[in-house]
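Protein chains: 2
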Amino acid sequence: MNIPQSSNPRVVIIGGGFAGIALAKKLSKQEFQVVLLDRHNYHTFQPLLYQVSTGGLEPDSIAYPIRKVLQGYPNFYFRLAEVLKVNTDVNLVDTNIGSLKFDKLVVATGTETNYFGNTELEANSMAMKTIPQSLNLRSLILENFEQALLTDDLHEREALMNFVIVGGGPTGVELAGALAEIKKGILPKDYPDLDTRRAQINIVQGGDRLLPAMSEKASEKAEAFLEELGVNVWKKLRVSGYDGKLATTNTDISFRTETLVWAAGVKAVSLKGLDGEAFVSRSKRLLVNEFHQVKGFDNIYAIGDVAQMESEAFPHGHPMMAQPAMQQGENLGNNLVAESKGNSLKPFSYRDKGSMATIGRNKAVADLPKFKFQGVFAWFVWMFVHLYFLIGFRNRVVVFINWVYNYIKFDREARLIIRPFKNHFKTKE
Amino acid sequence: MNIPQSSNPRVVIIGGGFAGIALAKKLSKQEFQVVLLDRHNYHTFQPLLYQVSTGGLEPDSIAYPIRKVLQGYPNFYFRLAEVLKVNTDVNLVDTNIGSLKFDKLVVATGTETNYFGNTELEANSMAMKTIPQSLNLRSLILENFEQALLTDDLHEREALMNFVIVGGGPTGVELAGALAEIKKGILPKDYPDLDTRRAQINIVQGGDRLLPAMSEKASEKAEAFLEELGVNVWKKLRVSGYDGKLATTNTDISFRTETLVWAAGVKAVSLKGLDGEAFVSRSKRLLVNEFHQVKGFDNIYAIGDVAQMESEAFPHGHPMMAQPAMQQGENLGNNLVAESKGNSLKPFSYRDKGSMATIGRNKAVADLPKFKFQGVFAWFVWMFVHLYFLIGFRNRVVVFINWVYNYIKFDREARLIIRPFKNHFKTKE
Numbered sequence: 001m002n003i004p005q006s007s008n009p010r011v012v013i014i015g016g017g018f019a020g021i022a023l024a025k026k027l028s029k030q031e032f033q034v035v036l037l038d039r040h041n042y043h044t045f046q047p048l049l050y051q052v053s054t055g056g057l058e059p060d061s062i063a064y065p066i067r068k069v070l071q072g073y074p075n076f077y078f079r080l081a082e083v084l085k086v087n088t089d090v091n092l093v094d095t096n097i098g099s100l101k102f103d104k105l106v107v108a109t110g111t112e113t114n115y116f117g118n119t120e121l122e123a124n125s126m127a128m129k130t131i132p133q134s135l136n137l138r139s140l141i142l143e144n145f146e147q148a149l150l151t152d153d154l155h156e157r158e159a160l161m162n163f164v165i166v167g168g169g170p171t172g173v174e175l176a177g178a179l180a181e182i183k184k185g186i187l188p189k190d191y192p193d194l195d196t197r198r199a200q201i202n203i204v205q206g207g208d209r210l211l212p213a214m215s216e217k218a219s220e221k222a223e224a225f226l227e228e229l230g231v232n233v234w235k236k237l238r239v240s241g242y243d244g245k246l247a248t249t250n251t252d253i254s255f256r257t258e259t260l261v262w263a264a265g266v267k268a269v270s271l272k273g274l275d276g277e278a279f280v281s282r283s284k285r286l287l288v289n290e291f292h293q294v295k296g297f298d299n300i301y302a303i304g305d306v307a308q309m310e311s312e313a314f315p316h317g318h319p320m321m322a323q324p325a326m327q328q329g330e331n332l333g334n335n336l337v338a339e340s341k342g343n344s345l346k347p348f349s350y351r352d353k354g355s356m357a358t359i360g361r362n363k364a365v366a367d368l369p370k371f372k373f374q375g376v377f378a379w380f381v382w383m384f385v386h387l388y389f390l391i392g393f394r395n396r397v398v399v400f401i402n403w404v405y406n407y408i409k410f411d412r413e414a415r416l417i418i419r420p421f422k423n424h425f426k427t428k429e
Numbered sequence: 001m002n003i004p005q006s007s008n009p010r011v012v013i014i015g016g017g018f019a020g021i022a023l024a025k026k027l028s029k030q031e032f033q034v035v036l037l038d039r040h041n042y043h044t045f046q047p048l049l050y051q052v053s054t055g056g057l058e059p060d061s062i063a064y065p066i067r068k069v070l071q072g073y074p075n076f077y078f079r080l081a082e083v084l085k086v087n088t089d090v091n092l093v094d095t096n097i098g099s100l101k102f103d104k105l106v107v108a109t110g111t112e113t114n115y116f117g118n119t120e121l122e123a124n125s126m127a128m129k130t131i132p133q134s135l136n137l138r139s140l141i142l143e144n145f146e147q148a149l150l151t152d153d154l155h156e157r158e159a160l161m162n163f164v165i166v167g168g169g170p171t172g173v174e175l176a177g178a179l180a181e182i183k184k185g186i187l188p189k190d191y192p193d194l195d196t197r198r199a200q201i202n203i204v205q206g207g208d209r210l211l212p213a214m215s216e217k218a219s220e221k222a223e224a225f226l227e228e229l230g231v232n233v234w235k236k237l238r239v240s241g242y243d244g245k246l247a248t249t250n251t252d253i254s255f256r257t258e259t260l261v262w263a264a265g266v267k268a269v270s271l272k273g274l275d276g277e278a279f280v281s282r283s284k285r286l287l288v289n290e291f292h293q294v295k296g297f298d299n300i301y302a303i304g305d306v307a308q309m310e311s312e313a314f315p316h317g318h319p320m321m322a323q324p325a326m327q328q329g330e331n332l333g334n335n336l337v338a339e340s341k342g343n344s345l346k347p348f349s350y351r352d353k354g355s356m357a358t359i360g361r362n363k364a365v366a367d368l369p370k371f372k373f374q375g376v377f378a379w380f381v382w383m384f385v386h387l388y389f390l391i392g393f394r395n396r397v398v399v400f401i402n403w404v405y406n407y408i409k410f411d412r413e414a415r416l417i418i419r420p421f422k423n424h425f426k427t428k429e
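These protein sequences, in sequence, are chains A and B.
Going by the UniProt record's numbering, the first residue of the first sequence is number 1, and it counts up by one from there.
Going by the UniProt record's numbering, the first residue of the second sequence is number 1, and it counts up by one from there.
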């Protein structure tokens, strides 16, 4: 892998998400040689992926080159690599570009979509966890409308314009809201020769309320906002199968749809060699102590969504969001530096800054530690917070301009099929 | 294809480039039913593709949804389709989504890369005529540097960092300049563990000067600018073969390179059924008269790069640039409207607004009809003109912001490998 020997201990970080980047930034003082591995050469700002899928933002403005984050840090190495295995007995990771010894290993691999073993669902539904996936969804949505124009079969046309989003968490809610706004503001103008009123947006939630991790008030209001936008909200309903045409559920309700977005579950991205039952939770997360050490290891840590730190306040670990990930990365970074200097370590304690979801124009819900609110003000706060946490000045400006433009013009101009998703539309390029 | 019958004559336009869009805009007054066909759902601002390849701009900001251009035009139809054949005897086009009768047909298909029959070159080199192609090149450039880090073989490493651009027209010159700036400003910071001074940028031109369509002064200055930036300029040299590793030429000079960009020739995109020898020029362009009618046809027109209108001033047709294409589209539009009203038609006459090329920061060359100039002022004019002709207010603002940012920070932040090009880096997404 061509990483030079160093007299400083080598910290290998797997994953350049919120947790991995926050950690790397704390390790910039040369106590360590740091190697960051990721299968993408960029950091993805996941909370805005749904805006890429719906043409509101360019993919490039929610991505940021990892090399640029680490520019100027001495003794830092980035490698574009896929980790194949961790050999805990000899402190070695195997990757597709070779093996690497580590003194300390930090797993920050995050989560991936969980289909709970349903391979048919996995094969036919769309996920939205990465930029390429979000772009595939963007292409598919637009292709479906192009195709809907061409058919005289009303059933087929309706299936092409019928969107089923499974999962009532923030991803599902935000995507449903954005699609509803496209239906209202853009489709009638873009497709005057199509009766776009027949387009349907459905959100299907297994539990009895949307946004179950938020307050009841937020759930209520999110549902009301979605209904105001014309979204069909289905609760206590579970999608059990999807063959690419028909989505079946645990009841006799079914949906004829060409687009099923699966946002109903995630699981930790597990690494071979680090998947022992002794230290993996039911949701495949790595069990860690308050110093982020994986159970049973001294020099292997896990932070972010992949880590499960159980405590009284969080018996199943922290929520899988950017905030806990960043705070864990920072705390581990501080501790590694402290340890190298012989100072005492700080156990992790999560400062809850609250959570938010946006449903659409002027419509958001926010649960802050001190107060909960919904509506226009929550929407402005949501935008401000997301701009603040976005990495890169240029990204912030471009995203801001897009939002202002989209708001004033009721528009989303990135509705481009750059890489067709359906075979029907593919060209050789 | 589900286009309703109309009492107005149907004009079918193939291609949503500069010519096709300019024509469509002129036909918005309901004298006709207009159907625009394109294999992409967006218009591409081709002059800026090289900035996408080199990470300076997001692809989405130089693309514009065709449906949005035509929003609100009555009796307009867009279809995402690939034209397979024109049946001139029965006024019918066959496409991958069905057949369509026309009263008038306008071919505005533009050009594609011409490898002059060299299939080995075609298979191994990169083209830069479309957004997906430009993104492939962006991925490949970045992947090569990631891979260069991994090898101990100096020859291999140098081949990965050796760029050969074949063709000394504006595309080749602008790409070479942008790569040289990346080498200087970004590589040393992004790859501190790689000796990026070994990276080479070569531009290979068959003729005896770069930018042969411009003034001698512009050619001279462009060459000087490139050399100042450290680009190796090769003139009177022709690349004759490339197996993916070694580029051979008509002399004993050869290049070991993993990246060969072929910008040495274009040919018209010809349509089956409209490729008769009687009306096709040597470069495959359709011969048209001064009213844009394809030789031998009354109701079939060609505009833009695909058309060859021979005149005393332009014995081989107009230059293949945006300006002639737009002017031809506008003139044909005006003529079609005039004809439908029984007014007289205007033969096309090209108003040369000049041509320009940018080599890098503060370095451009401009040949305007009245005066020719080079340097900082030309560079500002170049930027202003490109912003002016870019379609869409949002695109203009986003491009402008990117340029200001890139200028101030000596940076290009869109260096993202969103879709890996080399198999080595591909993941399933």
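Please note: incorrect hints may appear among the correct ones.
Unchecked claim - Covered by chain A, according to a simulated footprint, are these stretches of chain B (three or more residues, beta-carbon under 8 Å):
(1) 130 to 141
(2) 166 to 173
(3) 187 to 195
(4) 414 to 422
Stated by the list, open to error - Listing some non-contacts, in silico: residues in chain B with all C-beta distances to chain A over 12 Å:
(5) Lys68
(6) Tyr73
(7) Asn87
(8) Ala213
(9) Ser215
(10) Gly230
(11) Asn250
(12) Ile253
(13) Lys284
(14) Glu310
(15) Phe314
(16) Ala338
(17) Leu345
(18) Val381
(19) Arg394
(20) Asn402
What the hints contain is simulated information worked out from the structure, not anything from laboratory work.
Since the structure is predicted, the reported quantities are computational estimates derived from the model, not experimental observations.
Even glycine gets a Cβ: it sits at the ideal position worked out from N, Cα and C.
Are any of the numbered hints broken by this structure? If so, which, sorted upward? 2, 5, 6, 19, 20
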